[in-house]
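Read off the chains here:
There are 2 protein chains.
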Amino acid sequence: MLWFRRKPKGTPPMTVQNRQVKLASRPVGVATRENFSFETAPMPAPADGEVLIKVLYLSLDPAMRGWMNEAKSYIPPVQLGQVMRAGGVGEVVESRSPAFKPGDFVVGMTGVQEYAVLKAEHLTRADPNFAPLPAWLGVLGMPGMTAYFGLLDVGALKDGDTVVVSGATGAVGQVVGQIARIKGCKVVGIAGGPDKCRMAVDEFGYDACVDYKAEDVRKRLRDLCPNGIDVYFDNVGGDILDAALANLARGARVVICGAISQYNTTTGMKGPSNYMSLLVNRARMEGFIVFDFAARYGEAAKAMARWIAEGKLKHREDVEEGGVDAFVETLNKLFTGENVGKLVLKVQA
Amino acid sequence: MLWFRRKPKGTPPMTVQNRQVKLASRPVGVATRENFSFETAPMPAPADGEVLIKVLYLSLDPAMRGWMNEAKSYIPPVQLGQVMRAGGVGEVVESRSPAFKPGDFVVGMTGVQEYAVLKAEHLTRADPNFAPLPAWLGVLGMPGMTAYFGLLDVGALKDGDTVVVSGATGAVGQVVGQIARIKGCKVVGIAGGPDKCRMAVDEFGYDACVDYKAEDVRKRLRDLCPNGIDVYFDNVGGDILDAALANLARGARVVICGAISQYNTTTGMKGPSNYMSLLVNRARMEGFIVFDFAARYGEAAKAMARWIAEGKLKHREDVEEGGVDAFVETLNKLFTGENVGKLVLKVQA
Chain A
1 MLWFRRKPKG TPPMTVQNRQ VKLASRPVGV ATRENFSFET APMPAPADGE VLIKVLYLSL
61 DPAMRGWMNE AKSYIPPVQL GQVMRAGGVG EVVESRSPAF KPGDFVVGMT GVQEYAVLKA
121 EHLTRADPNF APLPAWLGVL GMPGMTAYFG LLDVGALKDG DTVVVSGATG AVGQVVGQIA
181 RIKGCKVVGI AGGPDKCRMA VDEFGYDACV DYKAEDVRKR LRDLCPNGID VYFDNVGGDI
241 LDAALANLAR GARVVICGAI SQYNTTTGMK GPSNYMSLLV NRARMEGFIV FDFAARYGEA
301 AKAMARWIAE GKLKHREDVE EGGVDAFVET LNKLFTGENV GKLVLKVQA
Chain B
1 MLWFRRKPKG TPPMTVQNRQ VKLASRPVGV ATRENFSFET APMPAPADGE VLIKVLYLSL
61 DPAMRGWMNE AKSYIPPVQL GQVMRAGGVG EVVESRSPAF KPGDFVVGMT GVQEYAVLKA
121 EHLTRADPNF APLPAWLGVL GMPGMTAYFG LLDVGALKDG DTVVVSGATG AVGQVVGQIA
181 RIKGCKVVGI AGGPDKCRMA VDEFGYDACV DYKAEDVRKR LRDLCPNGID VYFDNVGGDI
241 LDAALANLAR GARVVICGAI SQYNTTTGMK GPSNYMSLLV NRARMEGFIV FDFAARYGEA
301 AKAMARWIAE GKLKHREDVE EGGVDAFVET LNKLFTGENV GKLVLKVQA
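Each protein sequence line maps, in turn, to chains A and B.
Numbers 1 to 349, taken from the working numbering, label the letters of the first sequence in order.
Numbers 1 to 349, taken from the working numbering, label the letters of the second sequence in order.
Since the hints were made in silico from the structure, they are not lab data.
Treat each hint with caution, since some may be false.
In this list, chains with the same sequence are indistinguishable; a pair is considered to hold if it fits within one copy or across any two.
To be verified - Calculated pairs, DSS-like style, for lysine-lysine (alpha carbon to alpha carbon, straight line, at most 27 Å):
#1 K54 with K186
#2 K314 with K119
#3 K72 with K219
#4 K219 with K270
#5 K186 with K72
#6 K72 with K270
#7 K119 with K158
#8 K183 with K72
#9 K270 with K346
#10 K314 with K101
This structure is a prediction, so every number in the text was calculated from the model and none was measured.
Please construct the entire structure, taking both the sequences and the accompanying hints into account.
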């Protein structure tokens, strides 16, 4: 029956099979390929109200490492045998909802797979004419929302504040720094290596950037923020959080957005030894989850879009090739600091 | 000239000499007698606007250990050679201010000495007919103010909150627990040993008290606070802070009042490893200094006095004998947990 072999054996047409990455075991420390199974499943079919999406780009986020753990958190852990949770942007290939039609571009929690079926109400629209699709996973997606509400609401940014941002060029940090600058504040970044520090200043408009790999962060912050830090937006935790705590201004707000330096720990989280600076400086440290601001995403998206259109808000994505099979290695670039800007995995063209 | 010896040799009349305890060197770890010099100085004389006070009781507070360090804090460190800073209550023996007359009882920063000269505007009145003098260093003094503003303002106490208080029977904790109960909240204490735990429940009205010396604090808090902790008032830091953080309710407020478990550390402060619970639970951790509420002390004092008069607010002081020479040993009872209630040193009758 040779006539069936229109493609070489072992290469099924992409349209009828779905490559998936499932969590196979819970990582201890850094996640490895052994913690996942790479499977090929039949193409899923949408039910009423659902949409079939061809996933084009996946968002790779530090929080994903936490989702692999069993511990109770703000969302349930990914179960063993489940497709790894991930946000993605893709193209509608089949719709059983009046809200979307084939050819539309959408953002949603697609998971690490080539095709996903999602309920229409869990999807938002992406417009590639306004910004490239990967930006809808960054500045115009969750990282952008996180930056906006974390800085303005949780951080309660005020005129004249001195703002310090760790992970200064990362997906969230690059937006935090720019919003603070747009609001007229003095902004100091913290990033790893001269290239990122240069980018922070030249591309994102930070007043200065501390290279934590080469400099004494505590001392540099003291020099750069002689009146203390009013808002510290923390993406990293660990020693850098302590260095910032040592330099708070009175009434400071420490926004806890992430702790990327601690997510792969096998020896226990490092708590901030300098937390009593909160007492001395009548300061507060506050955590948040961007989902709580869902009702106000529209407000943030409108502001971001305007700033982008006005050329005030730039964005940088690091789009890596390799498809879903490269998921683990690409994700781990976040923890070694190899990525530059919002890390995105290209799934397919 | 035997006629001068109306008292036995070596025992000068108390009215003409002033016994003082001065900081001689900065302690490393627990303070010892060697860190102080015990001196006898001439009786000080008040200038215009000043008052000479016979110190009767001294307040011994955990914060005093911090004042002995050189590090920058919310007030300057005690300088070497300076009389050790302390709050005290005493009797006016000579006044060069119209605000006070001999025989009045006053509270102020007298220092660790038998007689002190202070400006009248730095003194407040104590009424021994309303409450015994030591209570003016506790529930009616700084610890009471600290409890009131820390719980109600910083902790933003709300109806129906579940409140947890460490150092539950201490100077501040005993007041925090009772105010929370007066406000109708569920209140769980944490204290060391069965006696203090019994006192927390029987005398101060806590719903329950965890004995951190005998019980798994994290697990007991989970059992006692099945819906999580809304306000955690922390006086101790260390592992107990971590246990509380592991049990926060969503939107919790962690009030950082002190960290007595860490004040004598020689190996560095232990930071709260579970601080990411602030993120998961959208919670905040906030420090404060009671002095910032000075303009509202009257409000708090009025409320406390009413509750005491109504029998709703009890207070317990631990009055130790020994005079100023016993300062160091008595202070250290705070750190071993030997004291029960507000620790006060009786200076003289």
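If you test the structure against every hint from before, which numbers come out violated?
Failing hints, ascending: 1, 2, 7, 8, 9 and 10.
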